[in-house]
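**Student:** This is what each chain is made of:
There are 4 protein chains.
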Amino acid sequence: MNSFGRIFRVSIFGESHGPAVGITIDGCPAGIALTIDDFTADLERRKAGAAGTTPRKEDDIPEILSGVFNGYTTGAPITIIFRNNNTRSADYDALKATPRPGHADFVLHEKFKGYNDYRGGGHSSGRLTVCLVAAGVVAKKVIAPSIVNAKLVEAGGNTDIEAAIQKAVDEQDSIGGIVSVSATGLPLGLGEPFFDSAESLISHMIFAVPAIKGIEFGAGFAGTKMKGSEHNDAFIDKNGTTRTNHAGGINGGITNGNELHFRIAVKPTSSTPKEQQTWNKETQSVETFTVKGRHDLCIALRVPVVAEAATAIALADMLLLKA
Amino acid sequence: MNSFGRIFRVSIFGESHGPAVGITIDGCPAGIALTIDDFTADLERRKAGAAGTTPRKEDDIPEILSGVFNGYTTGAPITIIFRNNNTRSADYDALKATPRPGHADFVLHEKFKGYNDYRGGGHSSGRLTVCLVAAGVVAKKVIAPSIVNAKLVEAGGNTDIEAAIQKAVDEQDSIGGIVSVSATGLPLGLGEPFFDSAESLISHMIFAVPAIKGIEFGAGFAGTKMKGSEHNDAFIDKNGTTRTNHAGGINGGITNGNELHFRIAVKPTSSTPKEQQTWNKETQSVETFTVKGRHDLCIALRVPVVAEAATAIALADMLLLKA
Amino acid sequence: MNSFGRIFRVSIFGESHGPAVGITIDGCPAGIALTIDDFTADLERRKAGAAGTTPRKEDDIPEILSGVFNGYTTGAPITIIFRNNNTRSADYDALKATPRPGHADFVLHEKFKGYNDYRGGGHSSGRLTVCLVAAGVVAKKVIAPSIVNAKLVEAGGNTDIEAAIQKAVDEQDSIGGIVSVSATGLPLGLGEPFFDSAESLISHMIFAVPAIKGIEFGAGFAGTKMKGSEHNDAFIDKNGTTRTNHAGGINGGITNGNELHFRIAVKPTSSTPKEQQTWNKETQSVETFTVKGRHDLCIALRVPVVAEAATAIALADMLLLKA
Amino acid sequence: MNSFGRIFRVSIFGESHGPAVGITIDGCPAGIALTIDDFTADLERRKAGAAGTTPRKEDDIPEILSGVFNGYTTGAPITIIFRNNNTRSADYDALKATPRPGHADFVLHEKFKGYNDYRGGGHSSGRLTVCLVAAGVVAKKVIAPSIVNAKLVEAGGNTDIEAAIQKAVDEQDSIGGIVSVSATGLPLGLGEPFFDSAESLISHMIFAVPAIKGIEFGAGFAGTKMKGSEHNDAFIDKNGTTRTNHAGGINGGITNGNELHFRIAVKPTSSTPKEQQTWNKETQSVETFTVKGRHDLCIALRVPVVAEAATAIALADMLLLKA
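Protein chains in written order, with this note's numbering: chain A, 162 to 484; chain B, 162 to 484; chain C, 162 to 484; chain D, 162 to 484.
Everything labelled a hint here was simulated from the structure, so no lab data went into it. Please note that the accuracy of each hint is not assured.
Repeated chains share a single entry, so a pair holds when one copy, or any two copies, can fit it.
What the hints assert, rightly or not - Once the Cα atoms are required to be at most 30 angstroms apart in a straight line, the calculated DSS-like pairs of lysine-lysine come out as:
| hint | residue 1 | residue 2 |
| --- | --- | --- |
| 1 | 208 | 386 |
| 2 | 435 | 312 |
| 3 | 435 | 302 |
| 4 | 388 | 208 |
| 5 | 453 | 435 |
| 6 | 328 | 312 |
| 7 | 386 | 312 |
| 8 | 257 | 453 |
Chain A extracted, bound-state conformation (with noise of 0.2 angstroms):
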């Protein structure tokens, strides 16, 4: 299902080469303002540019085309699309013998029985984020004033990001990275025990982004090398603050009021200059070959808005469920 959400629900559509991509917002109250402007800021923030990302540049202005009259939301679904302008969709033709590896080209194919949109990864392109980062501006408006934050905090392994890079530009490779997030404001009670904590909420919209290999709150993989008695946040006060935040502010699967915070694996952009080996279809061999197209050498670097957005949908649907 292409959809999340019980109340703020988005529903994401498009192909990286097809028309346009879009985002439908459905269940967002209304009289919020919103103008096209308001994209700016994130839309900017995503895009392609600085060394390590793709030469591919696309103006991604969105086009509203629903939802908002009179620079207020409706109540009514918000659509929103990007044209896709600067499309090479000759780059993947030679793609279809060679599946690369680490991408979705194989199951995709497979699942779809031949039928799916395969230039530039079609339906599962990093190029839809830009949908993801346009709902979660609407997201971020409904959620304040509490702020969710975002920051690449290590690059291959490095946390002096521009060395990192510049060493991935260096041996023309592909790296991966961890982006930190956090949200400050959030009210306590948002999730339910079990099927819906915030974990599990957080962490199904967390995974919808590409590239994505692992999640953890608070303390996480760490906080299983800690003891009970120092692993435990101490209560401080009447209203629930805690000494300590190894919980990452969500305890039996409800946020308690504390920052939120969690750790977000990415792994190395699938699409490196290296060359690499992969099953040719055409030869019924395994063959060397190399990544045509553009492609970002650390992806992560591109993650934070994305992550933001993710977060601030899925906090936006837990905060109107609750209201």
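Please arrange chains B, C and D on chain A, whose structure you already have, making use of the hints.
**Tutor:** This is chains B, C and D only, laid out in the frame that chain A set:
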């Protein structure tokens, strides 16, 4: 929402010290052989008894209220309940003033305005994982011949788990651990791009298990330190078999037919025997207290069978959706 | 899916001749006073006993397994079961060869490949409406001070219902009827344009009640013979009070604050004492047969309390979603 | 929620006088041939132009934004939009003070706190049924070789429909009608007991069509006047063929393989040319007014193709769920 799934849909109910806990499985295909005996092995694996586990013991005899007739599932909802016999509620009255650090006591009281059943954690109790295990037994039959296997691979930061438990007993402080989960025999094509990626659906279910604070698929966090040319798993035959499995069997959110593999972080049991500090609502000050009641020193010991169940439930839903 | 609702979510389970039938209500707000006694009146209204109703009598004592603590709802799922005590399964063995006309026997056997519990209609039995009534009791508390009221207004085409029943008893043939349902005190604004219109959600629930074959809101079918100038309900004050109510309290799929009103068609009980014809699977021919077992001559007599419950459930969900 | 369906899932968006209206179809199987030409016939059937229909004419050219590649569905979401070209918004400014009787103007304004796009009914406009028709075209392909057929069988209480329209034109007052819908070739087994009965799902979708106020399956309301021995449909062969079809092809909420049949009540068009009374918000009194704008005298003329679409959508979802 205390439910999960689109086709194979589980709904959990009950409180630790109420009359019973239970689970309803809706959408299970008709014609699967199912008897009470099928539950024994997994329920035993979940039970307390070993060093490091709680002295509270329940008979854990499942009562099938519906959905099974003449030894086979009927296609109607399967409801399984477990009566609560061995409750000592008095243990918990003292806790009303002092919310236990690391537990949901505080957030539950606030979220449900004091109406929650606070005895033994109420609806949020680990007691309810017996229901997940029961649903897991059914789910495992649905995904057969695919098999899910989980094991504790690290406790308190130590891969010698017996030694780790003995140390926790000696120190009288709780510990956490890491559980490794794998599934073999899965078909290619489970999961969808974006919101219903295999990672999204599995992590959603895994974080429904109490005490889980992290998950990583394949190389996960370690993978962020690899180069793309190292991390990518080369396809080596027409079935999509890969030479390595850093992706954990998932490309672009869709299973690729290789072994599914992920690891989960289990935090130290919140109910450590050690003295702790917390806010006392009556005295309006931070006070030292000690948790009473019967608890596990290392809840991670009992997590594997629950994690298997959670995984099987998520996979059963994906499988039936694809079928 | 044996569930209904987005916020106030009910899930039904059980078979007519199994151990128990039950319902889980998820999403009920915490803090609503609820005791066993609250169920008595509506359960009595549903019970058999009057002329024209089945001689099968159950005690119909609800057992609350979860979600209620110290006399109040806790916010956790409420599961209520009814044990089946008075089953005479032998009545049904003969029917395996001869599917009863008007019943689901035939389709259930085919749909579930013969694994369905065929005794007494199994999971499709009218017995399970006791669960709907129980959930309705809770739903009515949620929508208070709004009140739902249903009554049988016509039986066998006759508005003198006692006479109609007597005639059916004399003729020993079952009859149907029309039930009128209204709800007062509802706020304006329930329902959404298009797919979640108030009519969509209410009819969805109403057709979950066995034997219902029609529904009309306001003037309904008679309204198709009116002119627009007659049918339109003039607004006469700032609150949206209308002079007439041909719309049944719903404009554009959304409640307008006037009385909600609709009528439902209940078909004649399928289990008539009269001789009938049906296909005999063993002899492979059409044969005459007579339904055995204990049945209602006019199931419509017992529908009003079930229709009230179904309506209250749909309204509770809409109300909580709007809140 | 502006979505319907569990597997074949449609989501509608857009406003009558906004940039575009559209629909996303998620869950459509890959490999179905689909071109723009496939939409022509049904879109033409929905169009205005005949006596009794609105003079507003749109080109109604569908633009497929996603989900179709090389003439086949890809398995990814299909989004189809229709640009709004022929809008005369000035017609509606005068209505802000005087909510039109029978319309959703009043409730929309209250529900959305005045932020709704009121022009031409906004998101609630009949204009959006063009989207339903488009989704219906796809749904009809999914359910093939089953066929859905709807026709207007009565207008203004008259089965001579041309005469009825002429009378409405002469009297300059709008009229309603009854549409008969049937589906042939459906498999046995669609629908579930209780909440997802075939009647529940079909009526849910049918009441998403504006102006519908009633639905009856098979003998429906007339069936309430029959005796059980008359109403029951005798099975006459091993496939479940029945001698009569008073049940409309549904037993116990599940299709029985016979023709599906139901009738729907369409109210008279709310926008009658006749003078009417309504509350004037500015003068705070009941006043006489006349609806301006371009409207249908008998919207029922355009309902059949929309009802076919709604039915096909519901059936497609049930079919894919069963598959």
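**Student:** Next, verify each hint and record whether it holds.
**Tutor:** Hint check results:
1. 208 - 386: Between. Shortest inter-copy distance 24 angstroms satisfies the 30 angstroms Cα cut-off; intra-copy 39 angstroms does not.
2. 435 - 312: Classified as within; 27 angstroms inside a copy, 37 angstroms across copies.
3. 435 - 302: Neither: 42 angstroms inside a chain and 44 angstroms across chains, both beyond 30 angstroms.
4. 388 - 208: Only across copies: residue 388 and residue 208 sit 23 angstroms apart there, 43 angstroms inside one copy, limit 30 angstroms.
5. 453 - 435: Cα proximity of residue 453 and residue 435: one copy only (10 angstroms, versus 59 angstroms across).
6. 328 - 312: So residue 328 and residue 312 pass the 30 angstroms test inside one copy only (20 angstroms; across, 38 angstroms).
7. 386 - 312: both (25 angstroms within a copy, 17 angstroms between copies)
8. 257 - 453: within (13 angstroms within a copy, 58 angstroms between copies)
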